[in-house]
Structures are given as structure tokens and as C-alpha cells.
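Peer 1: Chains as they are written, first to last, in my numbering: chain A, 65 to 572; chain B, 65 to 572.
Source of the hints: derived by calculation from the structure; they are not laboratory data.
Nothing here was measured: the structure is a model prediction, and the numbers come from that model.
One or more hints might be untrue.
Copies of the same chain are indistinguishable here, so a pair counts whether it falls within one copy or spans any two.
[As the list claims (entries may be wrong)] Below, a list of computed lysine-lysine pairs in the DSSO-like style, where the Cα atoms sit at most 30 angstroms apart:
1) LYS109 with LYS317
2) LYS120 with LYS403
3) LYS419 with LYS390
4) LYS403 with LYS390
5) LYS174 with LYS317
2 protein chains.
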Amino acid sequence: MTRKPDNPPAISPTREEDYAEWYQQVIRAADLAENAPVRGCMVIKPWGYAIWEEIKSYLDARIKDTGHQNVYFPLFIPLSFLEREAAHVQGFAKECAVVTHHRLEEKDGKLVPAGELEEPLIVRPTSETIIGDTFSRWVQSWRDLPLLINQWANVVRWEMRTRLFLRTTEFLWQEGHTVHATAQEARDEAQRMLNVYRELAEEVLAIPVILGEKSPGERFPGAEHTYTFEMMMQDRKALQAGTSHDLGQNFSKAFNIRFNTADGNLEYGYMTSWGSTTRLIGALIMTHADDDGLRLPPRIAPYHVVIIPVLVKPEMQEEVLAYAEKIRASLAALVFCGKPVRVHVDKREMRGGDKNWDWIKKGVPLRIEVGPRDVVSQKCMLTRRDKAHTEKENVTIEHLISSLSSILSNIQETYFSQALEFQKRHTHRDITTFEELKAFFTPQNEDRPEIHGGFVVAKWCGDPESEAKLADLKITIRCLPFEQSGTEGRCCLTGKSATLDAVFAKAY
Amino acid sequence: MTRKPDNPPAISPTREEDYAEWYQQVIRAADLAENAPVRGCMVIKPWGYAIWEEIKSYLDARIKDTGHQNVYFPLFIPLSFLEREAAHVQGFAKECAVVTHHRLEEKDGKLVPAGELEEPLIVRPTSETIIGDTFSRWVQSWRDLPLLINQWANVVRWEMRTRLFLRTTEFLWQEGHTVHATAQEARDEAQRMLNVYRELAEEVLAIPVILGEKSPGERFPGAEHTYTFEMMMQDRKALQAGTSHDLGQNFSKAFNIRFNTADGNLEYGYMTSWGSTTRLIGALIMTHADDDGLRLPPRIAPYHVVIIPVLVKPEMQEEVLAYAEKIRASLAALVFCGKPVRVHVDKREMRGGDKNWDWIKKGVPLRIEVGPRDVVSQKCMLTRRDKAHTEKENVTIEHLISSLSSILSNIQETYFSQALEFQKRHTHRDITTFEELKAFFTPQNEDRPEIHGGFVVAKWCGDPESEAKLADLKITIRCLPFEQSGTEGRCCLTGKSATLDAVFAKAY
Chain A
65 MTRKPDNPPA ISPTREEDYA EWYQQVIRAA DLAENAPVRG CMVIKPWGYA IWEEIKSYLD
125 ARIKDTGHQN VYFPLFIPLS FLEREAAHVQ GFAKECAVVT HHRLEEKDGK LVPAGELEEP
185 LIVRPTSETI IGDTFSRWVQ SWRDLPLLIN QWANVVRWEM RTRLFLRTTE FLWQEGHTVH
245 ATAQEARDEA QRMLNVYREL AEEVLAIPVI LGEKSPGERF PGAEHTYTFE MMMQDRKALQ
305 AGTSHDLGQN FSKAFNIRFN TADGNLEYGY MTSWGSTTRL IGALIMTHAD DDGLRLPPRI
365 APYHVVIIPV LVKPEMQEEV LAYAEKIRAS LAALVFCGKP VRVHVDKREM RGGDKNWDWI
425 KKGVPLRIEV GPRDVVSQKC MLTRRDKAHT EKENVTIEHL ISSLSSILSN IQETYFSQAL
485 EFQKRHTHRD ITTFEELKAF FTPQNEDRPE IHGGFVVAKW CGDPESEAKL ADLKITIRCL
545 PFEQSGTEGR CCLTGKSATL DAVFAKAY
Chain B
65 MTRKPDNPPA ISPTREEDYA EWYQQVIRAA DLAENAPVRG CMVIKPWGYA IWEEIKSYLD
125 ARIKDTGHQN VYFPLFIPLS FLEREAAHVQ GFAKECAVVT HHRLEEKDGK LVPAGELEEP
185 LIVRPTSETI IGDTFSRWVQ SWRDLPLLIN QWANVVRWEM RTRLFLRTTE FLWQEGHTVH
245 ATAQEARDEA QRMLNVYREL AEEVLAIPVI LGEKSPGERF PGAEHTYTFE MMMQDRKALQ
305 AGTSHDLGQN FSKAFNIRFN TADGNLEYGY MTSWGSTTRL IGALIMTHAD DDGLRLPPRI
365 APYHVVIIPV LVKPEMQEEV LAYAEKIRAS LAALVFCGKP VRVHVDKREM RGGDKNWDWI
425 KKGVPLRIEV GPRDVVSQKC MLTRRDKAHT EKENVTIEHL ISSLSSILSN IQETYFSQAL
485 EFQKRHTHRD ITTFEELKAF FTPQNEDRPE IHGGFVVAKW CGDPESEAKL ADLKITIRCL
545 PFEQSGTEGR CCLTGKSATL DAVFAKAY
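The shape of chain A in the complex, shown without the other chains (with noise of 0.2 angstroms):
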């Protein structure tokens, strides 16, 4: 759609002018979250939290029918916990919240810190380490196995530079926990539970995503084998949303967990763990947003609906919400994707104008408008937030009713396919040497740094040491995807020859 000089878009500056802050407009605009007056941690607003609980509620079943059941561990860490594994306290004792007193006394006017604790207490960047020291108690027989525990919990990370929802230091996550008897079971569960995280991007949020495998360097602290999702936002940069770690016997021999196995031997457990978060929202948004505001999936939008009544007239205003209560009365009795159908009807008083683009900018999938005359010829006026704003439908009750369904899923494949359009465009697989890489990852434009790149599939030799020279590209091995061509070429950094395909990109 070519748009008029009057009808300029709802966010402003637009993807195109300059991304990043177009991000922040977009969540302002759709009244998601916003920076909280603590450093680095945010406020999620009644309608982001709500995008989280339904993110939640697909998850937890998933989790829950995959055998798992949740429990609830403690925030503080004990400092020593934390040294027990050689990798883990390097990967995490640089950015973490230390608690060292607990008490607050009064001193020459000022509240000032009292009551210094014995062992400082970290607040849990992640809940391995506390974990780890509890199953060891948990986890006495092969009976005990498989131990399979999820949380819902807060977990904070001290970042120097944060983006809401993209990168807090405190964010909300999942985070699952298990013991296996055999490193195979755990391998297995590990690449269970990422598929769990592909169904929910791909089938609920409708993002296209790349599964594979970390390469060392980008490996979770203490994990043999980090597998991941990537995702390719729209200024052509990656995103990991989440990440599952088959940690082998890494944390059971830090933590002594060890079993009877059943012929009579003591053996160290094989664990997991597997963690997704807020940082979703923030994929959602970079994924699907247009320069109009958000745009939702229909299997993720708090509201699929929302009914405007149209109250010019006084005197048709009872009338006109009656008509708007039945219409809602009836979509909410309608099932999509096995659960009731979401109506809301906005009864604000504003301009009715200003409630329209206040749900576009939300990125509600359907918005249906109805006045005095509705009433009348029992119609309605349908817009579909994955078409022009402009584009409206006069439709009957009747065939509202019976599209509906259809309509949301309709909307919800076309969110897909523009994204995995999106994705495989920007994705290149002709790069062969470094300084082809090089040249694609350098800006053409000076004046426009961050639109340009994409994904680069190209060969890797696995040779630890060559991932330092993406340092200078701001690049990184974003996975060795599961995907292999199985061909032989040229490593693209080293040269040497090489079979693994690997992904490079810049990534959030």
C-alpha cells in the first residue's frame, strides 16, 4: 500500500528512518512496558503482562504434559554455591546483584546498610547452582530418575546496556531442571524441550526459527552442549529467545548427585536445563510490528477481537452497545485453537477514530466497528490488523460467526509466512571466504549502519580459536544449525577444509 501524505504512519521515526528507536515507539505506542526508575529493570504494563500470560498459559500446559511439574526454589544463592563449578561462577559472578547486609538502621539522618551478613547472598542469575545442592538430596536411586522440575521465577542479571524486554536486569522466565540415568535421556530431553520452545515460536507466536547447536564459544557456563533458537528480527539481526543445555555430568559431580543405579553402583546423575523468558515479547515485537504498531498472532493476543461501538448519536447509544454486547456475547461462545474466542468491547469514551488506532497500534487481529445503521441491516464493519487500515468489510453477523475462526487462522499462517518470507530472503548460503564475509557484514551506507546484513550460512572448520576474528565483524557463530548440507567446502575464517554448516550473524 502506497500511503497518502495525509496519513502518515501511527509510529514515528518508522523501521526504515531508524530502528532502534522505532522499537521503543512501538512498545510506547502499544503501552507494553516501560523503563522502571530502578536501573535496568522495566515495568510490564497491564496489556505486555498480558501477551506474558498467554505465553505463560501455552507453556506451562506443554511443559506440563511433557511430564514436568513446577515447583519453587529460593532468589538468594549462597556465594559459595556459586564457585562449586569452575565455569559457571566465571560465566556468571560478572554481572550479578550481591546481598550483604539485612537491615536498614538510621545514622546521622540517613538510612544506611546494617546487619552484614556472614556470606553474601547472590540474587539467581540463574537457579542451577541452589538446585544442584538441593537434588543432591532428592536424587538417592535409579527410582528417583528421571527428576523432571520447572519454575516460573524472577531472575536478575547486572547488564551494563539494556533494551526493554530485549535485555533487562531483571526479567521473568521459565526455567526447567532435570536428572537422567543415562547421558542419552538427557541428550533427549534437551532436544525435547527445544522442540517444545520451536513449537510455541512457530505455532503461537509465529516466528520462523533456526535450531541448532552453540558452538563453544557461545556455550551456557558449564553445559556440554547448548542447543538454541534463532530467530531473524526485522533489522536482519539475530535473536536467541531461549536456549536448552545438556550439561552431562558437569553439575552432578560439583553437587555430588549421584544414584544406585539398578545392578548396585553409585553413579552421577546426567542433568539438563532448559530456559525461555520476557525477552520473547521483545521477538514478537521485532518480528511482527509494522510501522503502524504491533501486530499479534492470533494465538498469542489477549484480546482477538475488539468491538468499537460507534456512539455519534445519543439517542442510538443504548441501542448501539445492546447490538455490540450481543455480537460480543455471541464470538465469545466460539472456540480458536481449542480455546474460547477473546472479545472485548471498548466502551471509553473517546472518538471513535482515536479507539481504532489505539487498537492497530495494540496489534488486536480484528477490530469490527458498529453504529446506529449496523443495528439495523444486522451487520457489521470487519478490519484485519494483517491488512490495510483502510480495507473494511461489511459483513453480516451470520457470516461473522461463521468466518471467525477461519479468519484468525488465516491471519495467524499470513504472520508466519511473511516472516519465514522474511527470513529466507535475508539469508545468504554463497559466502564463501572471509572477505566476502567481511564485505557483507560491513555497512554499504554509513548513514544507515543498521540496515544491512542477514543471516550467512557458510562452512566452519570448529576450530575454537577462529571465532575471535568475528570479533572485529561484530559477528557471531549464531548456531551450527541441526540442518547439515553435508558438503564439503572451505572453512570461510581459516580456510582449511570443513563440513559443518554454521550460521554468522549480528545478534541482539
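Following the hints, complete the assembly by docking chain B onto the known chain A.
Peer 2: For chain B alone, coordinates are given in the frame of chain A:
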């Protein structure tokens, strides 16, 4: 039921023998939670967390029904925020976790806190201050009111003496925060939410409550009025299970929350806050558990029914399991209180008797045993947790299906009636002098100090200084109940003329 000597209770010690230790042992036997390796914190285990999820699910729906939206505010509160409301800082500064550093560094081979913060951060003990600061930007006009939000979160209060669920350093809760245009609206809101808590307690948890207002000495730091719901535990002590505060303009003045009224004036908002916590699980245990373990009211039980296949004959195993699965499917298709019946088949390789006791101790309302003979007769053996575990009923599957919902309702009612009868039996209204009060709350038997007392409803003159006399007796005024007799009498503390009824008790 008289117990035979060869049939001792499952929990040792019994309530009579050692109430405090009995409580710990019920938690252990039902596998609800355990002490964490971090001082004063707990690990909530799957069965305990599943109960919390049922509480959340009910309460979250009621909070949304009453017009509130969920949000999420940061874990950390800048020290300076705490200082802004004078009474509030007095109440909470004494017992908080203080974050002073944001990094760990190695020094002489040891990790030590580094990166000192310019301003220390408090781990939220409650969120009035950080939410108040944000509300000062959200509230501008009368059109923004009422502002009705809630969050589910963890909070930390550095308690010296802790006890699982009842008082822990970290606990889980919901906290509602609202702003209104008038004092009356705020008062109404605080009482409306207290009533939501009453419904949760009485109708879902089957725990009778006394609703009332806290005396000034027991008020929330910074509140104008604190409303409470008080429960009587089986050792006759009171438990305050949650509170709802009318904050008046105290926090809106401290945080400058002002709005333009419809007629153009600028006025401070009127606020409320209200919270309930994982302490409710402690209340459930102390109200309903008996000497065989937990007894869960059906409306809150993670499983309504557990089916125990009796697998003595290996050649019949498959058939018995198929029969158990058939019963499970039939029952899971039924509805109890608007939700599907929750049924579990216990297929573990364990003796039937051990499984049976496991579910008795976990408090599941109904147990169904099925063995080879039942497959032939299409019957099963039914045992209710509210009756003796020897009182089994052989019923047809048809009968089971048709009566299940009414059996569950009946168990729910039985637990409530038993608790109400206990509360009434131990509530005394005939005490008029301080001497009588003192005698009542002084143990008659020095060996058994914990089993005595109860609630005393007596006259109080309302003089805040008179409450000091209660400290020696280790009792407090639990509340000024909404149900007032209206009669005149003598204050049981001062002897002055008084009309106010107050509830006196020892409390958790």
C-alpha cells in the same frame, strides 16, 4: 474412631503430643516443602506448589472479575523510595535484604563483592513505594481513575524466626494496588477485596474467618485502616491470612499522586493495597490436617481422585491398568464446581498399602482401589479422606460417576463445618476483666503450654496505650470484628466504659 494399638497414626508426634513438630511432620509426610539451604527460605515441592497454583488460579480469576489488571514491577526498590513515607520506613527498614554490590571479584582466591552501588537497593518487602512512584506518572486526570492493578510476585522480609509457609524470609504473594478519586471509593475497594479473600477462605479453602479492622497498634505501616481476615488454627491460635489496606492519601502525598478533577481542581488520589500469600497453605494444614496427615478440601486439591490399581497378580496387570484408565477417563469428563474433575492413576511400582498411605498423607479427597475382582464386577473400592481409612465402600462405576460431584461437595462442606464448629467452641464471650483474660491465656498445665486458649471476644475502650498490657500475656488484639454486638460494658484492659467488641488471641 478409637485406634487399635497396632494401627498408630501416620504422623508422629500427634497434634496432642507436640503441635509445632506435628506441623513440620505433616509438611514432610505430604511432601509439600522443605527448608532451603538459604537461611529462612523454603523450597516449595511439586505437591505444595500445585496447591498454590490452585489458589492462584481461583484468586487470579476473582481479581480480574473485579476489574483489576495484572502487571509486573521490579524486585528492587531504591533506598530513598522507602524513606518517603515515614510510618512505612519504620515498619519495613528493620527487616530487609539490601543489595550493595553488582559484581563479584576474585581476591586472594576468594570471591568478594565488588562494584559498589551508589545507592543501595532493597529487595521489595512490599511494593507500595515503587508502585507509588510510577503511579505519580500514570495518574493525571480523573479519567485515569480508578486505577486497578495487581501483581503476583516474590517478596522478602528478613524474619528472625521462620516456619515453613507461615513465616519465611522469601514468600510468594499477590499484591493489589489501586488509586481512586474519593475516600469512599477507596474504602469500598479495600472492603470489596477483603470480601474476595473471605470467599477464597470460606468457599474454596473451607476455612471460616472473622472479618474486621485492625487496631491502630496492628495497622499496616502507612495505612489509615487495615482490614483483616483472621482464622483459628487447631492449637487455637489466630492466623492472619491476608490484609486489605485503605491507605487514604498517605502514599499519594508521599509520592505526589495527583489528578485533575472533573471540575478542574488538583487533588491527591485515595489508595488501597491488599495482599495474600503462600501462608494460606500453612493455614490449610493447620485447619484441616489430622494425625494421619493433610486433608485437602476438594476445591483446592490438585487431584480430586487418585486411582490405585492393585497389581498383585502379574497376569492381570494389563487388564487392571486398562480398567483403571477407563475409570480415569470417565471421571475426568465430569465437572466439579465448573472445572473438570482432576483424576490421577498411581502406576508406581510400590506396594498398594504404601501408595494408599501416601495419598492419605497428601490429603487427596477420594481414593479408589481397583483389583482383578473389580474388573469382573465393574465395581471399585471407594475411600473418603474425611472418613476413617478403614471405612471403604464397594460401589459400581455407574454409581461412582453419578455421585462423584455430590461426594466432593459433601467433603468440602464437612471440612468447613468441622472447622467452624471448632472455631465457635473455642471462642469465648464471657470474659470481662483483665484478671479473667490473664487467667484464660495462662496455661493450666506447664507441660502442655501450647494446647490452651482460643479467641476471646471482649469489650475494649479503644485506647491505643492499653494494648501494651497485652504484651506480657503474649496476646494481641486480632481485630475489631465487623460484627459488633452494640452492647455497652467495661473494657477488659482498662475497666473503662466501652462499646467496642475486640477479638483477643495468641497469634502466628
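Peer 1: Which hint numbers does the structure go against, in order from smallest to largest?
Peer 2: Those not satisfied: there are none.
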